[in-house]
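Work out the full structure, taking the sequences as your base and the hints as a guide.
There are 2 protein chains.
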Amino acid sequence: MWRRNIIHLKTFGASVCKRTVINARSLTTQPLAPQCIGQQPLNIGASSARHYSHKSAPLPEPFSIEDSSTENVNSFTYRTHTCGKLRASNTGEKVSLCGWVQYLRLSKFLLLRDAYGIVQCTVGPVSIDFSNIPLESVVKIHGEVTRRPQNAVNSEMPTGEIEVIIDRLEVLNMAENLPFNLREYQKPKEQIRMQHRYIDLRFPEMQSILRLRSQMLHNMRKFLVEQHGFVEVETPTLFCQTPGGAREFVVPTHHAGLFYSLVQSPQQFKQMLMSGGIDRYFQVARCYRDETTRPDRQPEFTQLDIEMSFTNLHGVLSMIESLIVDTFPNLLQKPPFRRITYKYALENYGTDKPNVQYDLKLKNIKELFPEKANDSDFSAYALPYPAALGKVTTKTKEQIRQIAKKYNVKVVLDHDIHKAFTKDLEVKLKNITGNENSSIISIGDLENACNCLGEIRLIIASLLESKNLLKLKETTEILWVVDFPLFTKGNNGLETCHHPFTSPHPEDMHLLDSDPLSVRSLAYDLVMNGNEIGGGSVRVHNVRLQEKLLKMLRMDAAKLRHFLNALQSGCPPHAGIALGIDRLVSMVCNTESIRDVIAFPKTHEGKDPLSGAPNAISDEDKEYYHIVSK
Amino acid sequence: MWRRNIIHLKTFGASVCKRTVINARSLTTQPLAPQCIGQQPLNIGASSARHYSHKSAPLPEPFSIEDSSTENVNSFTYRTHTCGKLRASNTGEKVSLCGWVQYLRLSKFLLLRDAYGIVQCTVGPVSIDFSNIPLESVVKIHGEVTRRPQNAVNSEMPTGEIEVIIDRLEVLNMAENLPFNLREYQKPKEQIRMQHRYIDLRFPEMQSILRLRSQMLHNMRKFLVEQHGFVEVETPTLFCQTPGGAREFVVPTHHAGLFYSLVQSPQQFKQMLMSGGIDRYFQVARCYRDETTRPDRQPEFTQLDIEMSFTNLHGVLSMIESLIVDTFPNLLQKPPFRRITYKYALENYGTDKPNVQYDLKLKNIKELFPEKANDSDFSAYALPYPAALGKVTTKTKEQIRQIAKKYNVKVVLDHDIHKAFTKDLEVKLKNITGNENSSIISIGDLENACNCLGEIRLIIASLLESKNLLKLKETTEILWVVDFPLFTKGNNGLETCHHPFTSPHPEDMHLLDSDPLSVRSLAYDLVMNGNEIGGGSVRVHNVRLQEKLLKMLRMDAAKLRHFLNALQSGCPPHAGIALGIDRLVSMVCNTESIRDVIAFPKTHEGKDPLSGAPNAISDEDKEYYHIVSK
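Residue numbers (the working numbering), protein chains in the order written: chain A, 24 to 653; chain B, 24 to 653.
Hints may be right or wrong, so weigh each one.
A pair counts as met if it fits within one copy or between any two copies, since identical chains are not told apart.
[Claimed, not checked] List time: in silico DSBU-like cross-link candidates among lysine-lysine, alpha-carbon distance up to 30 Å:
#	residue 1	residue 2
1	LYS645	LYS582
2	LYS376	LYS366
3	LYS571	LYS163
4	LYS414	LYS574
5	LYS117	LYS418
6	LYS418	LYS384
7	LYS453	LYS245
8	LYS582	LYS212
9	LYS574	LYS630
10	LYS630	LYS418
11	LYS645	LYS630
12	LYS574	LYS645
13	LYS245	LYS210
14	LYS574	LYS442
15	LYS645	LYS512
Don't read these hints as lab results, they were simulated from the structure. Source: prediction; values computed, not measured.
Quick look at the structure:
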């Protein structure tokens, strides 16, 4: 059911476990040549070179975290050992163990489980009746570690060479009315598990994930603080609304009509910290967005938020590369990670977060439509794929039709090409895509034509993989997407692609007035196996430029007066990034949802499965906060 | 203006700076005998013994943080060195420095400041005009480090042996319209500093505090994770209301009439984690309380939240003692810290958070009122103090009168004693308090009579100190207060002293029904120089007992069904604590307010001084959240 992952964490040998779930996102491509972006070179930390010499430690059993040499998980408790760590070398020792009753057998054997593993406890000379103890009750066992007879050794169990002969058994807390058992093969549906998360957390998988998450963040902090002198600063979450961006939760106050907003990120604060001389900032920050309508999102989430002064795009990218390699030392891909431009990603993969674990690239076929040569609103792309896949099913056709509708583009499947166009065009297409390939064609404006094929690419890849016509790279493929456009065309004029504090690309500054849509920005995204796991940008530090951009975006500068003041009172050039921790842990552990890597997640609808929150509140509270619920 | 503190942090020699503010809280007493509390002994981590051998590192200059051996604060930037770290050993090196223009002199000297210190940059052979650069502008200087002529060496400046001869100067960002200068002697009022916090943060004091705060939390994390195998788990902040406790902010949702509450602490979650097998949990947790009316509180604050399974009161106390000593290795007081009971604290210091940096104890003088011997509602206490203080001023008398009024007790000052009572009583009193002492007497019920004298004690101590009649210990005095009562008498019946999940003292369990007010709890507070810096308890793990306590407190068990289910489905015995990080850093840095140790604090009224939040919100937002503001 589980297999080891190629990624594992540096210290304590904390293994990362992947379920053998293969989905569209876990699919190989040839390496892309890193593309270079102008700007001055940087000092890379002297220590960064040594990261490449890390050896991968031997992988431990999937669900346990190894003790480090100094770690003592029994200090300050009344247990002497953990269940999972007893070995033949402990033979003859008197031990006190605490844990949960996992299993009872023949009134003689009790399997005792704690967070570190399972050990068999056996009735010996002292008479012990545990027949009335329900499973999952919490007990304390005093006993002696003994070697099992040779024929009773269980080589599948890390503690299988020994057993503990019980001297005394103490029930610490009886379990009652369990909603489900702790059996991997009887695992209940997600809804039930979430409703009783305190039991679900006892599954080795959840134990492993939460411990890995903690260790990963600790390692990241060590890299930032100990190797590179970053300062963790806690910034407020109760703040004012930031114009643009996601919907922010509001928090009523005792002052009638006045509300805080819960921050969607510490963006303004970290930039003000740069102005304030905290030149190397980070924070494992709680952020809030009211967008529960989007799949696999949580109303509150965690990001590793980083900002540096006196740096540029290369500085941030190198820093993150060092951080990632330091955290996952046996990652096969070494820095520098590939860098591709947004335009390259769009025209080759139909997305700004391409999965390059497999090839399968779009081809620009505009040349086949010479009559449209001068029409800049016309784009035509083909997605060539092995013809051996054959005809797609009606169901897939319908999926593709829906995607085409969403993007408002014309999509033509392979067998319809000669009908929709001409036989001549079909022949010329084969010249481009190769005779062994079929193609799907998309025609529309550039963004939509490509994005549409980008989505279809995932479906085709999945179909090809299921028929062994496509081999996924087993490695984790990380790349940077750079040179995003600064603006996009919204319904009411220019909109920002990243956020309004993103610096325009210095080479395009002269186009700001004349051709803003062609201005590139200094924004960047980090993409892992087709998932965006982080993003950031070089920021605007010049108050005049920031004011101009806000004006172009029709944003109210008055609401950002404090921020603009921070820029004009001596703010250094700065750049930063945020990594989505929930998504990163989910990728590393290969879970289906980020809910699987959060101790107490909320449902799709933003509901807390334990308490039922959100709930009604009292009239007294409404009175106090001057609110009337409609 | 500043002096070094006796407390400093372990790694990187991060110094802690204390202002020479003497206030009532920083006042010496003889050590109190630790009092023992029943319960079984524990394994103390093998590593804890070595904490006592830490040597205190030499203290660095007050405002700088020393680089550790591996830390590289220039990695990933386009500076080669920091301003503050250049020394004679760098002579002859070509450097690139980035920083703020601190001062310009004679069109020849530029003092360049960064977060690490100040260096003098001097115009040499290359002609440079910097007369038009406003102070606090951000510049980059390329130059060569040169020794200053012997007569120009500034021994007061860490970089005073050298200067940087400027080859090239680049203005990175001009400063405009500064609201105030970065001059320690011209420091503006708090209100102005807060409104422009991004400038205020550049003061060395703020730099030092924020960096110390980061380092302190990092050291605490290392202790917990690396030495003792704790797991940091992030828990939600959007949750349901917890019955009892402080007022919780509510967060409206898109679902009409349904609200989240912002958690006042992760209490329920950490206990559910114990049930879930995360047996050693901690979190640097953001908490929310809507109680801006209380002085020096913030609507959001940080606590180091810790919980352990299979432990007891001794386990938690030992763990925190090790943590504190590990974090502040040259703390003079070594574990075990003194433990005094709530009753002892109340009857001797008139408070549950006594400052024992000075003696000055209450005396029970009920024996002087033999006619009240059997009246359990009658208590009489005296606060003896050196008679050399003389008569208190009218102002002090008024203060004392107000305190007496607040507690509704009879207070008699020394010179009124013979009038209020009898000459005979005055003579007997002197037999108790000593001839060299005057006394203030308080008569009422136990709690009020003592608490009243507790407040008066602070005033008298302050007066005595100002007249050199009382010497404060220079050391940091830490102690535990234990054996708090489980309940207190509220207006509508029993109320909880700590929170409803606190375990009754096992020795008093038989009194739960017959005499609940005399039942002690297993709660504990950590008190440093008269300030509560943390508190916690052994929790109830038995669902029946928890249900009984909720019933006694008239709390609705239905609202805690998920929590009660967590207890009954196999929850181990557990105990925990939370340390108030804002308060702790404020104490360590001896700042007047916790606002001084928070990057972006709110005012007394809960207002954000930068953005003006809380603000009005749009009608569209109100519509979306189904709220009408009254």
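Consistency of the hints with the structure:
no.: 1; hint: LYS645 with LYS582; verdict: both (28 Å within a copy, 19 Å between copies)
no.: 2; hint: LYS376 with LYS366; verdict: within (12 Å within a copy, 64 Å between copies)
no.: 3; hint: LYS571 with LYS163; verdict: between (68 Å within a copy, 25 Å between copies)
no.: 4; hint: LYS414 with LYS574; verdict: neither (52 Å within a copy, 68 Å between copies)
no.: 5; hint: LYS117 with LYS418; verdict: neither (64 Å within a copy, 68 Å between copies)
no.: 6; hint: LYS418 with LYS384; verdict: within (23 Å within a copy, 85 Å between copies)
no.: 7; hint: LYS453 with LYS245; verdict: neither (54 Å within a copy, 61 Å between copies)
no.: 8; hint: LYS582 with LYS212; verdict: between (47 Å within a copy, 24 Å between copies)
no.: 9; hint: LYS574 with LYS630; verdict: between (39 Å within a copy, 28 Å between copies)
no.: 10; hint: LYS630 with LYS418; verdict: neither (33 Å within a copy, 57 Å between copies)
no.: 11; hint: LYS645 with LYS630; verdict: both (21 Å within a copy, 21 Å between copies)
no.: 12; hint: LYS574 with LYS645; verdict: between (39 Å within a copy, 26 Å between copies)
no.: 13; hint: LYS245 with LYS210; verdict: neither (37 Å within a copy, 35 Å between copies)
no.: 14; hint: LYS574 with LYS442; verdict: neither (49 Å within a copy, 78 Å between copies)
no.: 15; hint: LYS645 with LYS512; verdict: between (42 Å within a copy, 28 Å between copies)
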